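2 protein chains.
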Amino acid sequence: MLPVALDAMGGDNAPGAIVEGAHRAVAELGVGITLVGRPEALADLKGDLEVFAASQVIAMDADPASSVRTMKDSSLVRSAELVRDGAASAMVSAGNTGATMASALLRMGRIKGVARPAIATPIPVFGSTPTILLDAGANSECQPQWLVQFAQMGAVYARERYGIVEPRVGLLSIGEEKSKGSPLVKETHELLAADNALAGAGAKFIGNVEGRDLMTPEVDVVVTDGFTGNVALKTLEGGMKAIATAIFGALGGLEGADDAVGALLPLYAEVDPDNHGGAMLLGVNGVCIISHGSSSATAVVNAVRVARDLVEAGLVDHLRAVVASG
Amino acid sequence: MLPVALDAMGGDNAPGAIVEGAHRAVAELGVGITLVGRPEALADLKGDLEVFAASQVIAMDADPASSVRTMKDSSLVRSAELVRDGAASAMVSAGNTGATMASALLRMGRIKGVARPAIATPIPVFGSTPTILLDAGANSECQPQWLVQFAQMGAVYARERYGIVEPRVGLLSIGEEKSKGSPLVKETHELLAADNALAGAGAKFIGNVEGRDLMTPEVDVVVTDGFTGNVALKTLEGGMKAIATAIFGALGGLEGADDAVGALLPLYAEVDPDNHGGAMLLGVNGVCIISHGSSSATAVVNAVRVARDLVEAGLVDHLRAVVASG
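One line per chain: the protein sequences are S and W, in this order. So that you can map any letter, position 225 of the first sequence is 225 in my numbering, and since no number is skipped, the others follow by simple counting. So that you can map any letter, position 309 of the second sequence is 309 in my numbering, and since no number is skipped, the others follow by simple counting.
Do not take every clue at face value.
Same chains, same names: a pair is fine if it fits in one copy or spans any two.
[Stated by the list, open to error] Calculated lysine-lysine pairs in the DSS-like style (CA-CA distance at most 27 Å, straight line):
| # | residue 1 | residue 2 |
| --- | --- | --- |
| 1 | Lys180 | Lys72 |
| 2 | Lys46 | Lys186 |
| 3 | Lys180 | Lys204 |
Just so you know, these hints were derived from the structure itself, not from any lab. Since the structure is predicted, the reported quantities are computational estimates derived from the model, not experimental observations.
Chain S with its partners taken away, still in its complex shape (with noise of 0.2 Å):
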C-alpha cells in the first residue's frame, strides 16, 4: 500500500502530538507515512518518517475557500495533491476541517456522479458499533437528491468501515411519520422510500428517526443536511462533555470512588473522539479522514488505522460502483 499522507501541520497539538502519532502509527500499524509540512519544524521531530515539503500552513481559523486558493504550498494542499498524483493512498487531517475538504474536492475532485461530498462522522453508540451521521457539515443548505446520495455513500461506508451487511438507513426528522419535518425531509423521504432507492447500496430505508436514536444501536446510518447534522453532533459533543466534566467532578473530591471511577473510564473512552478515528469526506475521489482539531498522537494512530482499514477495502471504487448504478 502507498504511504498515508499525513498533514503534519494541522491541529491545535501540530506539529508535536501528529508527529508522534505518526511515529506510533508505523510502529503499530506497519503502514508507510509521508509527514507533510515545514521541514525546519519538522526536523527535529522526523526521525526515520519521510518528509514531503509545504512550505505554508492554513490556520485553524482561515477562511476556507480563499485559503485553499491562495495557499498552493500549504501542507492541506499538497496533501490532496499526493493522493490525486498516486503518491498517497489517503490523506489524514487534524486542521482546519473546511480547508481540508476544500483541498480534496479542489485537488482530487468528486467521484464521478457525485452530486455533493459530504462529511460522515462516527456517533458512539455503547454496546455497539457507531452511527453514521450524514452530513456532518459540508454542504449547509442541500437538495433531496443529494441526501439520497448521502444515503447511499453511507451504506457502503458503514458496510466497509463496520462491518454492518446490510446497514439500516433513517432520515432525521421530529417525528417518524413521514408527514413530519421540512420540505426537505419530505421530499427525501419519498425519494428513500422509492424500491430501488438504496437496493444498490444493499442497504434498508427504516423511515424517519429522531435525534433521540443517534446514540442506539437502532439504525446505522442517519442521513440529514450539514446544517442539522452538525448542530447534531455538536450538540452531542458539548452534552457529553457537560456530563463528563459534572462526573468526574462529583467522583473527584469523593474518597473510594477510585473503583467507581475506573468502572467509568471504559465508557469515557467508547465516546472518547481519540478512538472513533475520525470523520470521513465521502464523495471526493480518494480516502480523506478528518480528525478533529484536538486531535493527541492516540487519536492520530486511529485516524491512520481507519484510513488504510478503508483503503484496503477499496471503499472509493465500491462508492464508485454504488453511485454509477445509483
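With the hints as your guide, set chain W onto chain S.
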C-alpha cells in the same frame, strides 16, 4: 389566583400520576387546580379536587390538527377554553404536544402582533440556570422575522422564569462567524444585530452559538427554527439517556459503589426533565405549559409550580408589551 386547568387525561401515566401530582401541588403550592377530563375516570382519584367534565381524550399519537378540530369536548380543548373564558389562570398538559399547541392556539388565540407561537424548552446546565431553547418544535419552517420575535419572547421568559436581568441571546448556527450557516441564519443574524432588535426586551444579542454551547452557562436564550431546535433537543435527550443507562449499568454491578451512585444522583436530578417544569408555548394569550409525555406526579407538581410563577409574574402581559414595542 384562578385555578390551574390540568388536563387529567394527557400523558403516558394519566390519569393516575397526573391526579396524584394535582393533589401534591395543592398541598405543596397552595394553588387551586381544576382537573379536566372524564368524570368516570376521575371519580375514584379526585378526592376534593374540582372536575370540569370533558368526555373525549386526544390520544398521544393522534393527528393534532384534525383531533382538535373534531374533538371539541376533549380534555385538551376544554382546558384551553377555561383559560380563554377566564375560569382558569393557566393550562398544563402532559398529553399530545401538537394537540396541546393547537388547542391553545385555536382557543386562546395569539398575542396581538405575534407571528407564530414557539415552544420554549429549558435545557439543563450543571450548576447554573437552564438555557432556554426556542423554537423547540412548533414551527418546522420559519422566517427570519419570526426568529427575532422568538428572541424577544425568549428573553422576557428567561427574565421572568429564571431572574436573568439582561439575558444573553444566541442564534444557533454551525460556526460563530456571521457568514456561517443557512440563509435563514444569515438573515436572522443581520436582523438581531441591528441596534434596537432586542433593546425593548432588555436583552443582548451575543451572535451565533453552536450546539456545544447549549449546556454551558455562556448563553441564556438560544433561538432557532422548530426543526433544528427539536432535533437538538431530542439529540440531547437521547445522549443523556444513553449515558445515564451506561453509567448506572457500569456501577450497578460494582461492589461498594453506593457512595459513587449517591454522588451522581444529584447530577441526574439536574438533568431529569421531571424537575424542570416543562416547556411553555410562548405567544398565545395565556400560560400554556407542556409537560413531557412520561410525566410523573413530580413532573406535574413542577409544571403547576411554573404555571403559577408565570401567572403571578404577569408573563403574558410582559410578552404583550415587548411584542407591541418590537
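Hint by hint, where does the structure go against what was stated? Just the numbers, ascending.
2
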